[in-house]
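J.: Residues per chain are reported as follows:
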Amino acid sequence: MTTATDAPPLGTTRWPDWTAIGAVMRKDVTAIRRAKAVVLPMLIVPILLMVVLPMLIGAAAVNQRGPDITRLLDSLPGDLAAPILELPPEEHLVVLVLGYLLAPLFLIVPLMVSSVLAADAFAGEKERRTLETLLHLPITDRDLFLAKVFSSVIPAIVVSWAGFVAFAIVSNTVAWPVMGRIFVPTGLWLVMIFWVAPAVATLGMGVMVRVSARATTTQEANQLGGAVVLPLIFLAVGQSTGLLLLDAPFALMVGAIIWAVALWLTARGARRFTRDKMAARS
Amino acid sequence: MTAIHTDALTRRFGDELAVDALTLDVAPGEVLALLGPNGAGKTTTVRLLNGVLSPDSGISRVLGLDPATQGTDVRRRTGVLTENAGLDDRLTARENIMAAARIRRVPDADRRVSTLLDQFGMSDRADDRVAGFSTGQRKRVALARSLVHSPEILFLDEPTSGLDPEATRDVVDLIGRLATDHGRTVLLCTHFLGEAGRLADRMAVLDRGHLLAWGSPGELAAELFGDLTVDFDLGSPADHELLGRIRAERGVRSAEMSPAGVVTRVEDRDAVPAIVSLLTAEGRSVFGATPRPPTLEDVYFAVLADRGEVAAPPRVSDAALWAVADSREAMP
Chain A
1 MTTATDAPPL
11 GTTRWPDWTA
21 IGAVMRKDVT
31 AIRRAKAVVL
41 PMLIVPILLM
51 VVLPMLIGAA
61 AVNQRGPDIT
71 RLLDSLPGDL
81 AAPILELPPE
91 EHLVVLVLGY
101 LLAPLFLIVP
111 LMVSSVLAAD
121 AFAGEKERRT
131 LETLLHLPIT
141 DRDLFLAKVF
151 SSVIPAIVVS
161 WAGFVAFAIV
171 SNTVAWPVMG
181 RIFVPTGLWL
191 VMIFWVAPAV
201 ATLGMGVMVR
211 VSARATTTQE
221 ANQLGGAVVL
231 PLIFLAVGQS
241 TGLLLLDAPF
251 ALMVGAIIWA
261 VALWLTARGA
271 RRFTRDKMAA
281 RS
Chain B
1 MTAIHTDALT
11 RRFGDELAVD
21 ALTLDVAPGE
31 VLALLGPNGA
41 GKTTTVRLLN
51 GVLSPDSGIS
61 RVLGLDPATQ
71 GTDVRRRTGV
81 LTENAGLDDR
91 LTARENIMAA
101 ARIRRVPDAD
111 RRVSTLLDQF
121 GMSDRADDRV
131 AGFSTGQRKR
141 VALARSLVHS
151 PEILFLDEPT
161 SGLDPEATRD
171 VVDLIGRLAT
181 DHGRTVLLCT
191 HFLGEAGRLA
201 DRMAVLDRGH
211 LLAWGSPGEL
221 AAELFGDLTV
231 DFDLGSPADH
241 ELLGRIRAER
251 GVRSAEMSPA
261 GVVTRVEDRD
271 AVPAIVSLLT
281 AEGRSVFGAT
291 PRPPTLEDVY
301 FAVLADRGEV
311 AAPPRVSDAA
321 LWAVADSREA
331 MP
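Residue numbers (this note's numbering), protein chains in the order written: chain A, 1 to 282; chain B, 1 to 332.
Among the clues, some could well be false.
[Claimed, not checked] For lysine to aspartate or glutamate, the following EDC-like pairs were computed, each having C-alpha atoms within a straight-line distance of at most 20 Å: (1) A:Lys277 - B:Glu16; (2) A:Lys277 - B:Asp124; (3) A:Lys36 - B:Asp89; (4) A:Lys277 - B:Asp89; (5) A:Lys126 - A:Asp276; (6) A:Lys277 - B:Asp66; (7) A:Lys36 - B:Glu16; (8) A:Lys126 - B:Asp89; (9) A:Lys126 - B:Glu83; (10) A:Lys36 - B:Glu95.
[Stated by the list, open to error] Taking beta-carbon pairs under 10 Å as the criterion, some of the chain B residues facing chain A (in silico): (11) Thr44; (12) Gly51; (13) Gly86; (14) Leu91; (15) Ala101; (16) Val172; (17) Asp173; (18) Leu174; (19) Gly176.
The set of hints was computed from the structure by calculation and includes no laboratory data. A quick note: this is a predicted structure, and the numbers were derived from the prediction, not measured. The C-beta atom is built at its ideal place from N, Cα and C for all residues, glycine as well.
Isolated chain B (complex conformation) (with noise of 0.2 Å):
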């Protein structure tokens, strides 16, 4: 059984088509990266499976339930984190999670909630009113909350946004591990990507409604970039003519120069040791050949150029990389 399924998942606001025929599938002990700018319909979707909204058309299971219709059941097994903590500024952080522990019925509660203070640092602060919370202390106090219960599926909306680098870590830090050690089911909506590319097995890229890729990863790069990527390094940027003769080599689609020498896009691996030869030929020493593998970034910006969403990423003229290298050669 998935721990999340959708099929054709539909909702409307108005006229606006707030999630456009979502079909999905999470299995269990999966961390999926929802990803998409703002508007992109990944708090309506965590909503619909959550049972708050009900769908115009399409279907949805969370752990086999409907949350149309059984939406309390649903809830019962989920826990939620809402982009903004959602605490009560005029309750403790103790109270906050208390409140939500009681209406859950969980057994024990006052430990539990303690145990929990515990574990996200907040034992000093569990009787202050959060109003004087930063914003990291009211994720840490919110995600707390949602653990009470030790849900099944954990749906995290936007967990880092506001936070510092530091505070950003340690939540990050702390879903991997909700993930990997306790076997838990992720949902996470961000627009970070670098949170997403630690975390998820696999993504979803959401724009407007419309899903416009799903799969790991990898899977995307594969289907996006049917190409590989090799950094040269020859300790300076190369020159023009340089550049010319790499393009002309069999299996070379691309050569641009980089600080560090050149980066090519060849058809695959066996276009390598000609590129080393021609430099060697050329007189620059080769200090490193480095496949490097799209990043999520890489993967996310080409869905969204792919589908015309936006323009693909710019890249670093000629000009500015000559600039960087001046400017090196001029430092003492």
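Here chain A stands alone, though its shape is the one from the complex (with noise of 0.2 Å):
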């Protein structure tokens, strides 16, 4: 008897198998794109803090309502207060909180977006009891976990770039009549963007595995994952309270540490991912 596929044939198991990993990342992007519960909070924190924000802050500036910052930019480092203080005064709130303070703030998203889609692409098949489906079929441990980690870093990703875009095109709108000009993005924000908010994305994946390992359900997953949200929270506020300050070099060290912890954790999450261990768990 031979079987309706073209499998590859036995003992030849190619790796990656991009088939397998591509099935499996439709699959949880076509399930999470219908689930409210994960989408909405995937939408409404980028738009506050990606459109809404911005414009508020721009309104500001554009009437002169805002605080007088002259004192915070007198007491900021050279390094990062030089390039403002050459602008006009008027420019200063604009390019300060769009072009700087709001960076470490934009990490939120890529964070919690791939800590939301790991807990549903992890803990969310035990809860669901669809991992045991899922253990039964032609798909090699590694490729599986592969799937689940780009089904929640690469959507996490997107959906970051896609909030930049709308805060630069908010930002640049609001802030035209101040600034006159397009500012955004900064050199901070591409740091951001496309070194700091993947590793950050990376980062949030990897807890959520080895927090899933261990949750029964995506409400205790997310609880328990949350804890890493805290670092990060830190790190805005200081950033917006001139404790600590990111200029782009260091952004690109803080980027590498986090890149670094991220793949340490991502590689031991995959490690302990095997078949033998969920399924006796489950």
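Combine both chains into one complex, guided by the hints.
T.: Now the structure itself:
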């Protein structure tokens, strides 16, 4: 008897099997798109951070109702403050807030989206009792892990980049009366978008992989994994209060550290991601 | 080559022995029922055979492949229906099956999935999300998914659990056709003896990981029941005096009252004419004498009772039978 598939011949399993990886990703993304509880936070947070906030700040700057930040700028390190102080005073608030201070807050978007998606992809399979079916399919442990990683990280990066495009459009538009030119993206933003955001998305996923191994529901995984958001919130608060300041070189270094931690977590997660362990726990 | 072979296959979870030195063979095209109560090790056995779990010791071969090291290759050629259907509620019936078809690289998958949905009577719900499906509909979709790549071996884990009688009949009929018409090897895990009796060529009785018995129901009956049960229809229950006389006949091991007369266990069929003669001499009309081979249920409980796993099946007391007989007579 022959099987009605065009699967590779026995003993010649290719790796990675992009067909299988793509099929799992397609299934996950289709399912996620229909889960309002997952999609709404993924939309609301980026809209608040990347659209509403720059609109309010831009409007305040345009109407000259913003706080006097001259003292704040005077207290900043010269490297960071100098390019801003060279600008006309009416541009200070816009450039400082939209060009620098919001950058760490932006990292909440890839972090949150990848965490939520990873919780759904890993713990969610257990909660929905669909994990065992997946384990009985002809996909290797590594390919299944890769599919779940990509299902979490790639949409997170796409949402982040889309959010940034919206942010850039809104910021340049609302600040146009003051700036009279396109000023976003700044160098810091470019580093954030292309270097730090993917690292943060991978970090969120990596944490969730570890957490989901023990959690039985997505809610439990999200609660346990929420601890990872705290350091980034501290980073954002520190930045916005002047305690901690990011410029592009520093952001590059922070990104490198986040990448290292994220890849270490992911590698450890991959080693523990075996059918045997998952089936034994289910 | 056997379709499935295991030799001393063993798996523990911590201190708990889930499968204990399981040794069995399943021939191509055979339906083997794995019987046993919850926690007997049936699901663990399927997971071991499909390379989802690794054994602690022992070996297994599925279609000549080692599931422990060639799991992906094994899973390409097997289909599994898990106890819960394992469908993603957010996807439609078609999408659930298509996901498996894509992973399995089924050629012309769209047409194949449509054909299966049609065969399983789910065409009209194909593009509905499965969240609103009944248990029976879910089972049908899951069964279609397990067949999407025309597997050589089917592992069916409690395929009728949660189904109403009509859906149970449909699923059992379907599994029967898969085995008989399409020659698929089927490993059927169940604790419903009725479906096992209808479908299985052989049965393996598991309990707490141990293989208690293995063989065809007939073989096991011959091993466990060295005698023959015969129902005598006398039109009414036999009285105690008559039962005593029957028990005194040569070759009769036991005689118990039944609503229609008496149920005897005899050494062989040669004892039957003597009992009929006795009954006739006692003035009782004998409307029938029917040999009753042990049912799968008889065999199953006898296996468990033989190993001290459960008490022997309860027998109906004489008093209860008389009460039934009295109530019948009182009926208009």
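J.: Could you check if Ala101 (chain B) really has its C-beta closer than 10 Å to a C-beta on chain A?
T.: holds, 8 Å
J.: Would the hint on Val172 (chain B) stand, with a C-beta cut-off of 10 Å toward chain A?
T.: violated, 22 Å
J.: At a threshold of 10 Å, is the proposed contact between Thr44 (chain B) and chain A supported by beta-carbon distances?
T.: Holds. Min distance 9 Å.
J.: Hey, does the Gly176 (chain B) contact hint survive, CB to chain A under 10 Å?
T.: Because about 18 Å separates Gly176 (chain B) from the closest Cβ in chain A, which is outside the 10 Å limit, the hint is violated.
J.: Would the stated hint for Gly86 (chain B) survive a check requiring a Cβ distance to chain A of less than 10 Å?
T.: holds, 3 Å
J.: Does Asp89 (chain B) sit within 20 Å of Lys277 (chain A), going by the straight-line distance between their CA atoms?
T.: Measuring from Cα to Cα gives roughly 25 Å; hence the hint is violated.
J.: Quickly compare the C-alpha distance for Lys277 (chain A) and Asp124 (chain B) to 20 Å and report which way the hint goes.
T.: Violated, because 39 Å separates the two Cα atoms, which is more than 20 Å.
J.: Can you confirm whether the C-alpha distance between Lys36 (chain A) and Glu16 (chain B) stays at or below 20 Å?
T.: Roughly 41 Å separates the two Cα atoms, so the pair is violated.
J.: Does Asp173 (chain B) hold up as a contact with chain A if the rule is Cβ-Cβ below 10 Å?
T.: With a closest approach of 22 Å, the Asp173 (chain B) hint is violated.
J.: Against the 20 Å threshold, does the CA-CA distance of Lys126 (chain A) and Asp276 (chain A) hold or violate the hint?
T.: holds, 14 Å
J.: Hint check: is the beta carbon of Gly51 (chain B) less than 10 Å from a beta carbon of chain A?
T.: holds, 7 Å
J.: Does Glu16 (chain B) lie within 20 Å of Lys277 (chain A) when you go C-alpha to C-alpha?
T.: holds, 16 Å
Against the hints set out earlier in the document, violations occur for numbers 2, 4, 7, 16, 17, 18 and 19.
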